[in-house]
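Okay, here's what each chain looks like letter by letter:
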Amino acid sequence: MKINCPLCGPRPNGEFTIKGDAVNVRPDLKAATAKDWHDYVYLRDNPKGNLKEFWHHSHGCRSWLVIERNNVSHEVLSVQLASDASAKGVKK
Amino acid sequence: MKYSVFSLLKNTLSGHKNWQAAWRDPQPKKQYDIIIIGGGGHGLATAYYLAKNHGITNIAVLEKGYLGSGNIGRNTTIIRSNYYLKGNEPFYEWSLKLWEGLEQDFNFNAMVSQRGLINLYHSDGQRDFYARKGNAMRIHGVDAELVDQQALREKVPYLNFDNARFPIKGALIQPRGGTVRHDAVAWGFARGADMAGVDIIQNCEVTGFKIDNGKIIGVETNKGFIGAKKVGMAAAGHSSQVAAMAGMRLPIETHVLQAFVTEGIKPYLDNVISFGVGHFYISQSDKGGLVFGGDLDGYSSFAQRGNLPMVEHVAEAGVSMISGLSRIKLLRSWGGVMDMTMDGSPIIDKTHIEGLYLNGGWCYGGFKATPASGWCYAHLLATGTPHELTKYFKLNRFEAGDMIDEEVTGPTPNLH
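For the protein sequence lines, the chains are A and B, in the order given.
The first sequence: position 58 = 58 (my numbering), numbered continuously.
The second sequence: position 261 = 261 (my numbering), numbered continuously.
In short, the hints are calculated from the structure, not lab data.
Cβ coordinates follow ideal geometry from the N, Cα and C atoms, glycine included.
Fair warning: there could be bad hints in the mix.
Stated by the list, open to error - Some chain A residues judged to face chain B by a derived CB distance under 8 Å, without partners named:
1. 13
2. 18
3. 20
4. 42
5. 43
6. 45
7. 51
8. 72
9. 74
Only chain B is shown next, with the shape it has when bound in the complex:
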């Protein structure tokens, strides 16, 4: 059923008793053309674009929990394309372009809000680096503006411009950056894929691979064996655990990233504000709560929660830039499970096993990449060749010295 003002009217007149479930809850078939492991944002987007772009619908998405229970349901919702390395920027810009048309495309309100992303700078050196980054963006045709302190004061007057340690001198702004309602992204892609005939199997955990002579035959699950011609792993957070079932070790270490939301208040923060040096970023949701986050806790964790020293650190970073935050009550905190790679950049590639593919290593930046990751991974799964935009996200790039290291911190996962 297509959502529209007409379907809303029709259902109002029948007392809202005839709305259909947004997706089916089928039992797995014995065999599919493609199995996608992981029903998160990227797995669902991949299924959606396999159907939409490649006409492939004999697909199962296997999700070990309930749909949306992983990182797609617990991130800070920011979308942007302000990367500067050539392996990254065109990909993230394509993702932003897909965000811009997504709600009309998948017929679901994802509350895409391009409210502008403001990256603060505090010194001449940092200003010069942001000028370089902004120019790198503009070379790829992406919007970027560098503003000085006076212009920033007019735009965002409540910032702590005279902070003694990190005085705010200006900002790099991406006007088209913003936020998206993360749950709706999972639901929109799930509904779109399901309507095309894709089976989304929840509470179905992959427990092993069946490989014959170096070729994938299918997967063992808690609902039995399911055969497939191709299998795409898309379980970022648990990429190592899934890949280990195929005997692989990955350049990945799993980390916790905490995120926070405050009590709901009246409209206060119109943009996304990012304090790069302190690694703090904040926006205000439509419910009124301030949504913010900071650094990784730093130690390996699958717990989906962090510890208090980092809670304190993130709060300090926030209050140092926006003094008004000190008055607000913190409502809730949680943690995600991050696939931290050895260069901070993702992996979308085939593996040494024929028919088995990997999409993972998204560190803490996977949400904004959701549409383009699905688009490009669908291309790889459908054609067997990497998409032009993701050809640098190779699994074995570390052997060749082709790292894509935006943070420039080397093979130290917890510093990316």
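Only chain A is shown next, with the shape it has when bound in the complex:
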């Protein structure tokens, strides 16, 4: 699985550490109920197909990335810096 880091170029996946799901949005601190927090922390869509994840380029530039991947073919569809993704809003 090669990942095209926006800063470093195409690198093997062993250089990266995966954090996990990038679609669940952290609830608003002031407004969130216990159920909101529970659902954010514990529940997942867990799709079979295309999904978006947070990856860290831990053995490279150490940027946080949002990667869209297909978890059946392992094809990497897009890689963007997490800061760019959050500016645009990470949608499902």
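Position chain B relative to chain A; hints supplied.
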């Protein structure tokens, strides 16, 4: 037909032309008392124990592929009961007890081999933790022994005791742990369930649920609608996909775990050796190949294969403990599809839909649990109440803060 030395003799005399198929291949009926979704180890064991323990036989097991094509056919075959949390240990010990009598019970050779499980430790801190775990096992009446380096050298002399980074100081041993031939488990439970009248429907994929007023009516499949009074999901690996058809989101993320087998060699490894810190475990099959595995790859995957960095990592972990492994040729690798939960422990519970039940979240430890999972899930399906041994495996335990977190890594599925 019961398998015995007499049936073998009789069939030898007739040229082996009269052996019957181990299970039928029926078309689904329009209605059953219970439908089990998933013809893997747990689904088949559930059907078997529903018939055996509860006298319920009007059951269909729906398997989307061919029987044994899922995780039951692609694991590293280890059985053990060395857990330490109270929600876990009695359950896994019951499973081990069931393994001990299983071949006689379901009349099928599953090659249950209690060759001993050896968990290596490398530091004083780890020794103390293993002493605590061993005592937790013994409190539940389970066998556990703590041995020092000298005793371990006598038992397993070829280990790399003087490894610079992880010197082997001793081990926690469960003598009754071991291996079982995984395919035979599927076949044995399938044959036993089928003989009791259970319909095993292969190549039958559930595509939806029919729910009326909060109550399950049946399932839509690629072979049409099948009605049922109760439906038990047992499709670990795809629990989220099946549950989503009922509008549910689960505390599960799906991951790939790779496993490997080497060329066949003469008897070399008599036990199951587990390098806990490096997360590497190995045994030798009766065909002579070394069967081993390690960590999850770490990213969500349904591909049933992983990537090379983890292949390299697992090989390194193995060679660091058993230097002799560096000379052996790797024959084959594959991956399973793991239901990783938010605390690393399974789910056996009813759902908010009346008549719909869930058995899943087995992470990478489902194989050893196969008999007890079937036993306890059968109890839940038959009576509507959880079995005493699985009452802690609740679906909503995260809301209540009742996590069963053996690895102590919190709500991070890929770290359990």
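Quick rundown of the hints versus the structure:
1. With 8 Å as the threshold, the beta carbon of residue 13 of chain A comes within range of chain B, its nearest partner Cβ sitting at about 6 Å, so the hint holds.
2. Residue-level restraint check for residue 18 of chain A holds (minimum Cβ-Cβ distance to chain B is 5 Å; threshold 8 Å).
3. Hint status for residue 20 of chain A relative to chain B: holds, with the closest Cβ pair at about 7 Å, below 8 Å.
4. For residue 42 of chain A, the shortest C-beta to C-beta distance to chain B is roughly 4 Å, which falls under 8 Å, so the interface hint holds.
5. Interface hint status for residue 43 of chain A: upheld, as the beta-carbon distance to the closest one in chain B is roughly 4 Å, under 8 Å.
6. At a threshold of 8 Å, the smallest CB-CB gap from residue 45 of chain A to chain B is about 6 Å, leaving the interface hint in force.
7. Evaluation of the residue 51 of chain A hint against chain B yields a held restraint, the C-beta minimum of about 6 Å falling below 8 Å.
8. With its C-beta approaching chain B no nearer than about 5 Å, residue 72 of chain A sits inside the 8 Å limit, and its interface hint holds.
9. For residue 74 of chain A, the suggested interface contact is upheld, since its CB lies about 6 Å from the closest CB of chain B, less than 8 Å.
Against the hints set out earlier in the document, no violation occurs for any number.
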